[in-house]
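Protein chains: 4
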Amino acid sequence: MIKVGIAGYGVIGQRLADGVALQKDMELVGVADVSPTLAIRALKEKGMPYDLYNAIPGNDKAFEDAGIKVSGTLEDLVQKVDIMLDATSAGVGAKNKEIYQKYHKKAVFQGGEKNSVADVFFHGYANFEQGIGKQFLKLTSCNTTGLIRAVDCLDREMGVEKVAITIIRRVADPGDYHRGLTNALQIDKAPSHQALDLMTIMPHISATGILVHTPVTHGHIITVVATTKRKANKAELLETFRKHPRIRVVSIEEGFLGNASLFRYARDLGNPRGDMYEIAVWEDSVVESGNDIMFAINIPQESVVIPESMDAIRAALGMQSERLEAVGKTNTYLGMGKWLEK
Amino acid sequence: MIKVGIAGYGVIGQRLADGVALQKDMELVGVADVSPTLAIRALKEKGMPYDLYNAIPGNDKAFEDAGIKVSGTLEDLVQKVDIMLDATSAGVGAKNKEIYQKYHKKAVFQGGEKNSVADVFFHGYANFEQGIGKQFLKLTSCNTTGLIRAVDCLDREMGVEKVAITIIRRVADPGDYHRGLTNALQIDKAPSHQALDLMTIMPHISATGILVHTPVTHGHIITVVATTKRKANKAELLETFRKHPRIRVVSIEEGFLGNASLFRYARDLGNPRGDMYEIAVWEDSVVESGNDIMFAINIPQESVVIPESMDAIRAALGMQSERLEAVGKTNTYLGMGKWLEK
Amino acid sequence: MIKVGIAGYGVIGQRLADGVALQKDMELVGVADVSPTLAIRALKEKGMPYDLYNAIPGNDKAFEDAGIKVSGTLEDLVQKVDIMLDATSAGVGAKNKEIYQKYHKKAVFQGGEKNSVADVFFHGYANFEQGIGKQFLKLTSCNTTGLIRAVDCLDREMGVEKVAITIIRRVADPGDYHRGLTNALQIDKAPSHQALDLMTIMPHISATGILVHTPVTHGHIITVVATTKRKANKAELLETFRKHPRIRVVSIEEGFLGNASLFRYARDLGNPRGDMYEIAVWEDSVVESGNDIMFAINIPQESVVIPESMDAIRAALGMQSERLEAVGKTNTYLGMGKWLEK
Amino acid sequence: MIKVGIAGYGVIGQRLADGVALQKDMELVGVADVSPTLAIRALKEKGMPYDLYNAIPGNDKAFEDAGIKVSGTLEDLVQKVDIMLDATSAGVGAKNKEIYQKYHKKAVFQGGEKNSVADVFFHGYANFEQGIGKQFLKLTSCNTTGLIRAVDCLDREMGVEKVAITIIRRVADPGDYHRGLTNALQIDKAPSHQALDLMTIMPHISATGILVHTPVTHGHIITVVATTKRKANKAELLETFRKHPRIRVVSIEEGFLGNASLFRYARDLGNPRGDMYEIAVWEDSVVESGNDIMFAINIPQESVVIPESMDAIRAALGMQSERLEAVGKTNTYLGMGKWLEK
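Protein chains in written order, with the numbering used here: chain S, -6 to 335; chain P, -6 to 335; chain Y, -6 to 335; chain V, -6 to 335.
Only chain S is shown next, with the shape it has when bound in the complex (with noise of 0.2 Å):
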């Protein structure tokens, strides 16, 4: 039973909690943060299901005056685990890391670290080989992992060369007002950095595209033009699609008419937080641009990383060595790709 410590426990951290919690052969220790955030009060509004390490030795107070109780630090945790899922505020991961090295620990960072922290900027499914056995990992960032899904799995198929992005981003997640956009859209300097990570994690595919920013909150939506080896038709990428365990196909006509259809899918799946693990790409959308073909996917970014996260542990500690086998475990777990066992 390998054994699990989060650092950072907000958006991502209380979902890789969730996630490693659901996954049999680990045991999730605890998880660590810095204040008595919302989320922590949830945690003890729900009993405590997961032990609460502090983060900053000397700052029980916090915790206490709210009525949380703590278990120890975070140096304490890491002392009890094999593996550290950093999910803390870019920068603070880098920290953390030294006393990882201290106790000579691994550990996966999330995408908002830079690629230095880590020994392999790591997918589940494109570059799992790459992984193992590393000590430090870092995941891609959400609209990089959902983007490599969907193009390493055209990839694998029908081989890609060229891919053109446009990422439409929701920029705040529901319920943060520590940043966000009112009634504008704004633009980033291109090329953005979803598709340079793409292209470090896949080398021999040449990447560009341009970021927008939106005023929502429920996934991120990117339209990409791909170049395929061989042409590929409509039909033919959707059946491609509909066999990858962590894509979902869906269409207007069922209903979803976009990112916050998701959302609420997801809500009436009755998965906790409203969830949801995969990304979608709407049948609606493929159109055919030459050789070239033309879709859309859906990222939920909050929960997006989760399945790679748990694969970057199994690499990480060598608990499968072949691709296929680790992320199908994850899958299994994570209760990903049902529609596939029909």
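These are calculated hints, taken from the structure and not from any lab test.
A pair counts as met if it fits within one copy or between any two copies, since identical chains are not told apart.
Within a straight-line C-alpha distance of at most 27 Å, the following computed DSSO-like cross-link-like pairs (lysine-lysine) qualify: (1) LYS155 to LYS182; (2) LYS222 to LYS155; (3) LYS62 to LYS88; (4) LYS37 to LYS331.
For this one, chain S is given, so just place chains P, Y and V on it according to the hints.
Relative to chain S, chains P, Y and V alone:
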């Protein structure tokens, strides 16, 4: 065991179904709807935990095409139950009433129907007694339900003579694409219907108010200027609210910055769909205005009417004859007010 | 002096009127509408700079009640002019056409009408020649008008074979209350009509695209992946755009962070209504994608079609027989492209 | 001819400059800012109708690189004027004050500065007399300015004892990218500063209030519950407001559905930047609440303080010694209250 059916499996209908399923003295016989909406598709993906009835006889093909099993018609469902909860679109309930009458069944309508559809306009805490044994009850709308909870709570403690309310209304639910507002506040003709409805339920109170629509989805905020019979100070007001099992007292310091914080918190609590049954009062909002007192409450529009709807079943069928006993049963089964046990 | 009338004094109609009033070789005879809207009330408050005609005979009372002087009916207006600009709601133009035909008058319809209403689907820069002398012309819609400006500009310089576009569409205009979207992105069935329309105007180019609605009001953003006949680099692309009097090249560094910056800038320029006739290309968005080139443009949806509508008058009435002479007249009178004079 | 300078050419500073330029008894000497913002770039594109001074000595290069002519430093500007209007970011005004003192010049600060920066906290209609001859005046903020206009208007007619306000605040201005809120309402600690500020200006009135931020850009809406000395009915209230040159009475029936309608109307009026100096009261919002009266007003946040800022110049320099004469001059030059002439 009281047998309950649901007509309309939309935003409210789904939550009514979940709420009934939690009542240990009720049995959910099934839900009826007219087409394979996203909510029905989610029901299918979950393995049909609730039986589905077709609200439009002869319309089975649409469900069949979506691979969804239909267990009969709405009329079939009505015959199997003791009471129907009607959460169909405004106006449809009045039509469905003919079926309910044909089989001499009781029914609870939601706030969108006209008052004339029912024998009594009902609120579990404020006028439970008037619902006892009635055949047709109509619930107050989401804003009115939450508002009355707060005003009734004060009224029973210190007497309320008059309220002037400002309703800052969310304009759509998460995932709504059929209505919306973009970068605009919209004002309604005053007085708002919520003030008028409050006076129907609590005729001894004078109420007026102004409603402003805002382009958000996670809960209404209402400010209330209340003239109480005896002067109330902030501490006393908060103490009164804190004793109510359907009212949370929250603060900015804890991290509850607005309506979206409460939505996030409910998700973090692991509540199904990220729902919250309680209204919230902001500690930081309470101010005295001469002899009046002013405060702000949050109304989770998707789920706030569920408890009072359960109360309505209890009243209509005489399951409990005493107000506090009845609402207490509802609270227990819905897990409300656990903080009072400490 | 060409005499012009306007049918429909809404978002577009008002701006057409202002545009015609600026053309020194045209005279605005009057505008017609059906009721005392805010736009008409503003006309009154300004002292009726334009005469108002009643588009619904017998409906004068509504205007009288609002104290607004009516100078006759739409049919009266039509008789006084050489050409009508029809900016009525979709479908009304086709009906008005009967009046225009009755008096053998020319007309220019806006993008909302069906193509069949007109003899030619028109764009001032792309196919001016085809509009010359025609009785009925239909303008391209706002997105298509702006998109074609950019694509035609490239096509004439370096040849364009294919474009794949992503339209990030504003969902309402400032002040719209009859439509809106709240916290959601919405996807349309692909290919978008704008891509199809582009191919109607420029049949030698292959175009496809995906459109996503976003809850903002200040301009669409379109990303274009263009396959050019000869490889274009970023510098050359920008140089080409900079020479076009209806295209601004802007940068993030200057402060143009998104569509709302351009709206603010137009207000700061003192442009009436805060309007901008030009589309903008972001310098920072231009990236090469293999042999293709990708860039993002901003479309000020309220006013972008005004210049091409003036061009359409020039074509229909043969005021100029040469494309560049005609668009040049329009540009001069609208004050466009002044930066080219330096 | 009074010579005026402006420090800070942002949202407010630009409008102050335009406002001063309209006063026939004032001369705008120039404006000062720290960098070539969009507003300054627009000034350049307009041909520098106002001279620009550099607020950071030695920083000329940034302006030069943008091709913008600088006429001197802020200190140079101060020496040339009789009075400065300081519309710099909060806190900067207090620093600039040293320069104003050095040259014994008067200054008017905007609402963002601390009250202690000035000799008097000023509102043209409510306490003009207190500003006469003072060296340093501070204007009330946008919400407070508009609110006091309405309350002062009532107070002079029928006496106001108490107000309880709900401020539904726009969270950013059009084009703001440095702040924003997405799909959330946010509540502030009560009482709101606007209520406290009102009591500073009008100490005989008891005021409290709650402020809620909303994700929109086109104007705040405030609901006011006013306790008047003698009972006021709706008709009388409206008649009182209609006589005020800085208050518009509008209705839903006319098409004024909310804050965005007023923005649209101001654009349609042809007002520069689509600005409106007047606040608006919705006829449809006025309701009686026992002996109190309740109503809703709209505050155009970008431009509402301009008239009172002109009043402040008149007071500080003793241009007029009588309140109504002074505000009347401002109104005439700004074209306010023309509807009263009929």
